[in-house]
Structures are given as C-alpha cells and as structure tokens.
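*Asks:* So the sequence lines, in the order shown, correspond to chains A and B.
Under my numbering, think of the first position of the first sequence as 1, with each following residue one higher.
Under my numbering, think of the first position of the second sequence as 1, with each following residue one higher.
Check before you lean on any hint, since a few could be wrong.
Put simply, identical chains are the same to the list, so a pair is met inside one copy or across any two.
[Claimed, not checked] Derived EDC-like pairs (lysine to aspartate or glutamate); straight-line CA-CA distance at most 16 Å:
| hint | residue 1 | residue 2 |
| --- | --- | --- |
| 1 | K302 | D53 |
| 2 | K302 | D340 |
| 3 | K61 | E43 |
| 4 | K2 | E335 |
Read the hints as simulated data drawn from the structure, not as lab findings.
Residue strings, one per chain:
Protein chains: 2
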Amino acid sequence: MKSFKEMSREELLSQKAELEKRVEEFKAMNLSLNMTRGKPSPEQLDMSNHMFDSLSEKGFKAEDGTDTRNYGLASGLAEVKKLFADVLDTSADNIYIGNGSSLNLMFDTVMRAMVWGEHDSPKPWAQVEGRKWLCPVPGYDRHFKVTETCGFELIPVPLKEDGPDMDIVEELVKDPKVLGMWNVPCYTNPDGYVYSEEVCRRLASMKTAAPDFRLFWDNAYCVHHLYKEEDKQGRIPDILGLCKEAGNPSRVYEFASSSKVTFASSGISCIACNEENYKHAVKYINVQTIGANKINQLAHIKFIPDLDALKAHMSRHADILRPKFELTNEILERELAGTDAATWHKPQGGYFLSVFTLPGTAKDVVARCNELGVAFTPAGATYPYGIDPDDSNIRVAPSFPSLEDINKAVEVFAVCVKLSAVEKLLSV
Amino acid sequence: MKSFKEMSREELLSQKAELEKRVEEFKAMNLSLNMTRGKPSPEQLDMSNHMFDSLSEKGFKAEDGTDTRNYGLASGLAEVKKLFADVLDTSADNIYIGNGSSLNLMFDTVMRAMVWGEHDSPKPWAQVEGRKWLCPVPGYDRHFKVTETCGFELIPVPLKEDGPDMDIVEELVKDPKVLGMWNVPCYTNPDGYVYSEEVCRRLASMKTAAPDFRLFWDNAYCVHHLYKEEDKQGRIPDILGLCKEAGNPSRVYEFASSSKVTFASSGISCIACNEENYKHAVKYINVQTIGANKINQLAHIKFIPDLDALKAHMSRHADILRPKFELTNEILERELAGTDAATWHKPQGGYFLSVFTLPGTAKDVVARCNELGVAFTPAGATYPYGIDPDDSNIRVAPSFPSLEDINKAVEVFAVCVKLSAVEKLLSV
Chain A
1 MKSFKEMSRE
11 ELLSQKAELE
21 KRVEEFKAMN
31 LSLNMTRGKP
41 SPEQLDMSNH
51 MFDSLSEKGF
61 KAEDGTDTRN
71 YGLASGLAEV
81 KKLFADVLDT
91 SADNIYIGNG
101 SSLNLMFDTV
111 MRAMVWGEHD
121 SPKPWAQVEG
131 RKWLCPVPGY
141 DRHFKVTETC
151 GFELIPVPLK
161 EDGPDMDIVE
171 ELVKDPKVLG
181 MWNVPCYTNP
191 DGYVYSEEVC
201 RRLASMKTAA
211 PDFRLFWDNA
221 YCVHHLYKEE
231 DKQGRIPDIL
241 GLCKEAGNPS
251 RVYEFASSSK
261 VTFASSGISC
271 IACNEENYKH
281 AVKYINVQTI
291 GANKINQLAH
301 IKFIPDLDAL
311 KAHMSRHADI
321 LRPKFELTNE
331 ILERELAGTD
341 AATWHKPQGG
351 YFLSVFTLPG
361 TAKDVVARCN
371 ELGVAFTPAG
381 ATYPYGIDPD
391 DSNIRVAPSF
401 PSLEDINKAV
411 EVFAVCVKLS
421 AVEKLLSV
Chain B
1 MKSFKEMSRE
11 ELLSQKAELE
21 KRVEEFKAMN
31 LSLNMTRGKP
41 SPEQLDMSNH
51 MFDSLSEKGF
61 KAEDGTDTRN
71 YGLASGLAEV
81 KKLFADVLDT
91 SADNIYIGNG
101 SSLNLMFDTV
111 MRAMVWGEHD
121 SPKPWAQVEG
131 RKWLCPVPGY
141 DRHFKVTETC
151 GFELIPVPLK
161 EDGPDMDIVE
171 ELVKDPKVLG
181 MWNVPCYTNP
191 DGYVYSEEVC
201 RRLASMKTAA
211 PDFRLFWDNA
221 YCVHHLYKEE
231 DKQGRIPDIL
241 GLCKEAGNPS
251 RVYEFASSSK
261 VTFASSGISC
271 IACNEENYKH
281 AVKYINVQTI
291 GANKINQLAH
301 IKFIPDLDAL
311 KAHMSRHADI
321 LRPKFELTNE
331 ILERELAGTD
341 AATWHKPQGG
351 YFLSVFTLPG
361 TAKDVVARCN
371 ELGVAFTPAG
381 ATYPYGIDPD
391 DSNIRVAPSF
401 PSLEDINKAV
411 EVFAVCVKLS
421 AVEKLLSV
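Please take these sequences and the hints and turn them into a complete structure.
*Replies:* Here it is as structure tokens:
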C-alpha cells in the first residue's frame with residue numbers, strides 16, 4: 001500500500017471514509033476481546049496439569065534424601081539449582097530458589113540494597129539522594145514500578161535491535177547516582193529484541209562511577225523460543241561469566257522463573273549471582289524466610305528433570321504460541337505494510353510484540369480499540385512513569401487469546417492504527 | 001525428692017556420684033538424638049500427603065471461577081481468606097494470603113515500614129535513630145533476628161503465665177523510640193503460655209508514645225491445641241477487634257500459617273489487619289510480587305475446606321503430639337520434681353516447652369547433653385542477641401523425635417540438669 005505520508009488530502013479522506021466504514025462494521029459485532037495480558041493460554045497450562053498427580057505415590061524426598069515436606073534446604077533443592085544453572089549456562093553454586101514470582105526476588109534485592117546496601121556499597125541505597133536507575137525503553141512496567149517505588153529517578157535508554165544503546169548507557173553510568181539498570185536480555189518485553197554479545201560485553205565491562213552498580217538481568221524468556229534454537233535466535237552469553245571476565249564479578253543479579261514454563265504465579269524462580277552477592281543476599285534472606293516451597297520445587301523437577309526435558313516442553317509451548325504470533329504479524333503486514341502508519345519487529349520468542357504507531361497517536365489508537373470492545377495495554381505503559389514521550393508505542397500480547405480472537409482483535413487494532421494516522425495527517 | 005538447695009554437702013556429693021554413674025551409662029549408649037527442632041514429625045506430614053493427588057482431576061478453578069494456574073487474584077483466593085478469617089475470628093476483608101513462610105510476611109512488613117514507614121508514621125523507621133522493639137522473653141529467636149537485623153535495639157520483657165508483664169510494657173511504650181513488639185499470643189514459643197484477655201486488652205488500649213507503634217501478632221499456634229478446645233485453653237480474643245474497640249485500629253498486624261497444619265515451608269500464610277494497614281501494605285505488595293502460589297492455596301482449601309475440617313485435622317495432629325509432650329513432662333516430673341533444679345510449664349498446645357534450670361547452668365546443661373549425643377537448642381537462643389542474662393532457659397522441642405527417642409533424650413537432659421545444679425551448688 002502507498003505510504004499515508006505521501007498521500008494527498010483527497011487520498012487520505014478516501015482512506016478515512018473506508019476505514020470508518022470498517023469501524024462501523026466492527027461496532028456492529030459487539031466485540032469483547034482482550035490483548036493486554038502476557039499470560040499463558042489455558043492450552044499451555046494444560047500441559048503441566050499432571051505435575052502433582054503422583055507426588056504422594058513417588059514420595060516427597062529430594063535427591064539428597066531431604067523430606068521436602070518439612071523445614072530445611074532453605075536455599076532450594078540441589079537438583080532444581082542445577083536445572084536453573086543449565087538453563088542460564090552458569091554454575092549452580094550461587095543460585096537461590098524462590099517461590100513463583102521472580103519479580104518478588106528482584107524487589108527484595110532492591111529492598112536489601114535500600115536498607116543495607118550491597119556488599120560493595122559506600123552506603124545503603126535509601127541514603128543516596130537523587131539515586132537513578134536505567135530503564136531501556138520500551139520496557140516492562142512492573143520493573144519500572146519497583147525502582148520508582150523505591151525512590152529512584154528512572155532514566156530511559158533507547159532500546160535498539162541489538163539491545164540498549166550502549167553509547168548512551170556508557171555515558172549515563174559516569175554519574176555516581178546511577179546505581180543500576182533493568183534488562184530483559186532475551187526477547188525484550190515488549191519488542192522481542194535479543195541483546196547482542198557485543199552489547200552484553202559492553203555492559204559487563206563498562207566503567208561505572210558507582211562501585212555498587214548492578215545490572216538486574218531478568219532472563220524471563222531465555223527458553224521461550226518460538227522457533228528452533230539452532231536458528232541462533234535467543235542465544236545470549238552467560239552474563240555472570242562476562243562480568244567476571246571483565247573484572248566486575250559482582251555487577252549482576254540474574255533472575256529466571258518457570259512462570260511461562262509451568263504455571264504463572266505458581267511456579268518456581270531463582271536468583272543467580274557471584275559468590276559475594278550470594279553470601280550477602282542469603283545472609284538477609286535467611287533472616288527473612290524459612291525458605292520457599294520445596295514440594296513445588298520437587299514437583300517441578302520430577303516433571304521437568306533436565307534441560308532436554310525442558311527444551312521438549314518448551315517446543316510444545318512454541319507450537320501453541322507460534323501460530324498466534326505469526327497470525328498477528330500477518331494481519332499487521334496485510335493491513336499496515338507500506339502505509340508508514342506503524343513499524344514493528346517480528347519476535348522470535350518471548351511473550352510480546354510492540355507496535356510503534358505514528359507519533360502522537362498511540363493513546364488515540366488504544367482508546368478507539370477500547371470503544372470497539374478490544375482491550376490493549378494502555379499506551380505509555382512501556383515507559384517510565386507511564387509516559388511515552390512520542391505517544392507511539394503499544395504492547396501487543398498474543399499469547400492468551402485464541403487464534404479466532406487474535407484474528408479479529410488485531411484487525412481492529414490495525415484499522416484503528418490507520419484511522420488515527422490518517423486523522424493525524426489530515427489535522428496537520 | 002528433697003530440694004538440692006536444702007541438701008548438705010555430703011548429700012550433694014552423693015547425688016553427684018549417682019548422677020555421674022548414670023552419665024557413664026548414657027555415654028556407653030553412643031546416643032545420637034535431636035531435640036532442637038520445632039518440626040512436625042513424618043507421621044504428621046503423612047496426614048497431608050494426598051493433598052495434591054486429585055488437583056488435575058478436579059480442575060484448577062477457584063470458587064469464583066478464576067483459573068489458579070494463571071496470573072490473577074494477587075491477594076489470594078477468597079475461600080482461603082475466609083478460612084483464615086474464621087481461624088482468627090476476624091473479617092476476611094483485609095486478609096492477604098502469602099506463600100509458606102509467615103516469617104517472610106513479618107520481615108517484609110518491617111521492611112516496608114523501614115523504607116516507607118507505616119500509614120501513620122512521622123517518618124520511615126530506618127530514619128528513626130535508636131529505634132527499639134519489645135521482645136517478650138523467652139521468645140522466638142527468628143522473630144528477634146528480624147528486628148535485630150533491621151537495626152532495632154531489642155528490649156526484653158518478662159513473659160508471665162498470662163502473657164508479657166504489662167506493667168513493664170506500659171512503661172516502655174512511653175518511649176517514642178519503641179516502635180513495636182513481638183507476640184506469640186497463643187502457646188508462646190517456647191513456654192506454651194496463653195495471653196489472658198486482660199493482657200490482650202491492655203496491649204490493645206495502652207498509650208504508646210509512637211503514633212505508629214505496631215503489635216506483631218504471630219498467631220502461629222492458634223489451632224494447635226494438644227487437648228480439647230472446650231477446656232478453654234488456647235482461646236484468645238480477636239486482637240483486631242480489641243484494638244479497634246480501644247480506638248487504636250491500626251495497632252496490629254496479625255499473622256498465621258499452615259506450616260504446622262499441612263507442610264512446613266510448603267504451606268500457605270496470611271496477614272490480617274485493619275483497612276488502613278491493608279491498603280498501605282498491599283500498595284507495596286502489589287509492586288513486589290505478582291502474588292503467591294494459588295495452586296497451593298487451592299490444594300489447601302480443597303483438602304481443608306472449612307473450620308470444622310481444620311479442627312478435625314488438628315485433633316489428629318494432637319493425637320500424635322500429645323503423647324510426646326506428656327512423656328516429656330512425665331520424665332521431667334519423675335526426675336526433677338522437688339529438686340528445685342528446674343521449673344517448667346506444661347503447655348496445652350504449640351510446639352515447645354521450656355525448662356528453667358538453676359541460674360548459671362543452662363549452657364552447661366546443653367554442653368553436657370551434646371557430649372552425650374543429645375542435641376538441644378543452644379542456651380540463650382530464646383533471648384535477644386542469644387544472651388540469657390540468667391543462663392537458665394532451655395527450649396525443648398518434642399514434636400519431631402519418636403517417643404522412644406524422647407524417652408532417652410529427656411532422661412539424659414534431666415540428669416544433666418541435675419548434675420549441673422549439684423555442681424553449681426557445690427561450687428558456691
């Protein structure tokens with residue numbers, strides 16, 4: 001299709017009429033669809049339904065003989081640590097296993113630093129006036145909310161196809177008030193980009209003014225490939241190894257969870273870090289809790305005993321998710337290609353994609369969709385403080401709805417994107 | 001038996017010789033017994049083994065239709081809140097359901113106050129120089145450790161048969177630096193005392209200098225009766241109601257868990273509080289986590305659907321625990337009654353009892369037991385900073401060992417208590 005930007009006023013008006021006709025048709029359908037939530041679908045959840053069935057029959061003993069029904073093994077089952085270590089391509093020595101929410105582990109890690117500092121902190125972070133945190137954008141709103149709530153000024157950093165803009169990051173970390181940075185290195189939320197090895201190396205080796213600067217490395221989607229892994233998509237290097245190699249061994253806390261492997265919010269999660277960070281964290285975690293749910297850990301490791309089993313399990317997830325992502329992409333291509341009304345990246349994994357509409361139209365698009373009964377994540381949600389300075393980015397979550405719902409919802413979305421663009425261009 | 005304190009030197013020496021002979025006999029047995037841990041026994045854990053068996057068959061839907069396998073219902077299942085409300089004799093409106101560790105909920109509650117203060121705080125607790133916390137003694141070491149780690153000065157308060165010495169408490173809370181107080185109101189850890197209604201009322205109504213003073217009300221053993229409830233043992237009033245009635249509605253955070261109902265560390269837990277505290281807490285909890293394990297909540301509520309089911313389940317626990325507590329008490333009676341070498345209270349519930357040895361001998365007793373292969377909780381552990389000023393209190397945990405092990409271990413213990421006492425008296 002011809003670019004809207006190159007259309008004459010008459011052409012735009014004719015587009016507008018056509019699009020408004022389609023909107024009327026959508027209205028008549030009384031739709032009620034939801035594309036907001038990065039949730040696994042029921043079919044995906046069904047894959048793990050039988051995880052608990054034979055627990056009582058097989059007994060509740062961990063590999064080392066520990067009775068998982070009782071107190072003990074506060075940092076987690078060794079065999080579960082090993083699986084996470086294999087997933088993250090790191091050592092099992094300094095892995096702590098938590099409950100379902102890896103966000104909880106991240107929040108608690110910030111809170112420990114707020115009250116006691118890190119092992120290499122000049123003072124507790126709560127005492128650092130004007131503390132700042134780097135936020136690659138667009139990004140994950142719940143990450144941003146953690147450091148916002150803890151009183152950090154959130155500094156947006158543009159995210160490129162190969163990761164955060166490192167020239168900018170390297171400048172920003174010269175400020176001693178910059179204490180950390182959010183990262184979803186593999187299939188960024190929401191764009192689905194994968195950090196390049198070079199970006200990872202630069203993050204690991206850059207000079208930071210704060211001695212206790214921390215990368216929060218949320219490897220949420222590290223095994224969540226839509227296509228075969230051999231395609232080399234979604235392979236990122238072991239960041240812990242890179243940081244050690246670069247002489248910054250304490251720079252990173254890595255996180256992962258099974259939320260989109262087994263059950264969202266009822267899975268297991270982990271922190272992986274170096275020995276100093278581990279000792280420091282566990283000193284406080286051992287005051288905080290008697291440990292995470294070990295029966296759930298056991299159920300998980302019996303159900304998914306090793307990396308091969310995990311890969312096989314994840315490829316069944318991919319078989320369910322891939323058509324949804326491809327359908328979404330097809331509709332966007334069909335409706336929007338060539339119009340210049342939107343750009344987007346086609347992710348090879350993860351749970352989201354994100355669409356950049358004509359600047360100044362994202363809120364309008366989401367409002368139009370809502371009016372037609374199709375819910376999208378509020379525009380701006382992918383930016384610190386919920387403010388997208390370009391009013392352009394919209395997160396699309398195709399995992400939960402059925403193909404039929406996606407088919408309709410994304411068409412509605414694309415039509416609204418175009419209509420907003422046309423009206424914007426006409427108003428100039 | 002005649003009181004050691006009234007014995008002549010000759011009588012004491014004869015006692016000593018007799019006791020040393022028994023010690024030699026114990027030595028020859030090469031014992032390896034453990035009385036340190038307040039853990040449920042395998043037989044108790046077996047009672048809940050089949051909790052997960054039929055989850056997949058019955059489906060994973062909460063009563064309101066929510067799929068517990070997915071995100072949502074971050075504050076917990078309504079039916080689980082209702083059960084905890086029934087247990088705590090309070091309303092389900094302001095209950096948050098957490099994962100297995102109620103200690104974790106307590107720690108997090110202190111941490112929120114450290115960083116942001118309570119809703120009625122003049123400033124965050126981390127900014128209160130010289131902050132203090134009241135600790136009824138003997139008490140629970142892990143409670144003490146939480147507020148110690150958060151920089152509070154721990155102020156011991158003597159615990160009496162009806163609860164903390166309220167004359168002392170009422171004086172101490174006139175200090176605006178005193179921000180809170182630990183409580184295990186029902187079957188105190190380790191003495192097994194039950195707070196009287198009068199003590200509860202005084203705690204609820206006393207004037208505190210700190211406007212944001214908080215009672216941490218760890219109702220860990222509220223359904224953990226060894227005898228029939230009708231005996232009126234272990235009935236404490238609803239503290240939330242009392243605080244409201246007294247005009248101090250925000251004074252208390254109440255906690256409970258299923259750690260000693262189903263599985264230790266793999267159960268469910270709760271915070272119950274008033275609306276202002278709830279709103280304040282949940283505002284931050286919703287930033288911290290996507291919620292606790294809902295499948296585990298569902299498994300629990302299907303297994304124990306209501307208060308009657310819970311009482312029936314707990315009476316089966318009591319049937320296993322009661323003989324252990326009674327045997328412990330019998331041996332202590334047989335060996336120690338009349339000697340004045342020790343005093344103790346016979347608990348009607350909970351997980352511990354505690355023995356007060358002759359002042360200055362507790363460490364010696366524990367060391368002697370250890371030498372004979374019988375492990376007891378380190379003397380002092382039940383006091384702030386691990387220091388019992390009288391060196392007199394020893395916690396005894398009879399829940400985990402078998403009757404046979406208890407029989408031997410408590411005999412060894414009693415003999416060591418006597419030997420230490422005799423030597424102490426001889427040395428004066």
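*Asks:* If you check each hint against the structure, which ones fail?
*Replies:* 2
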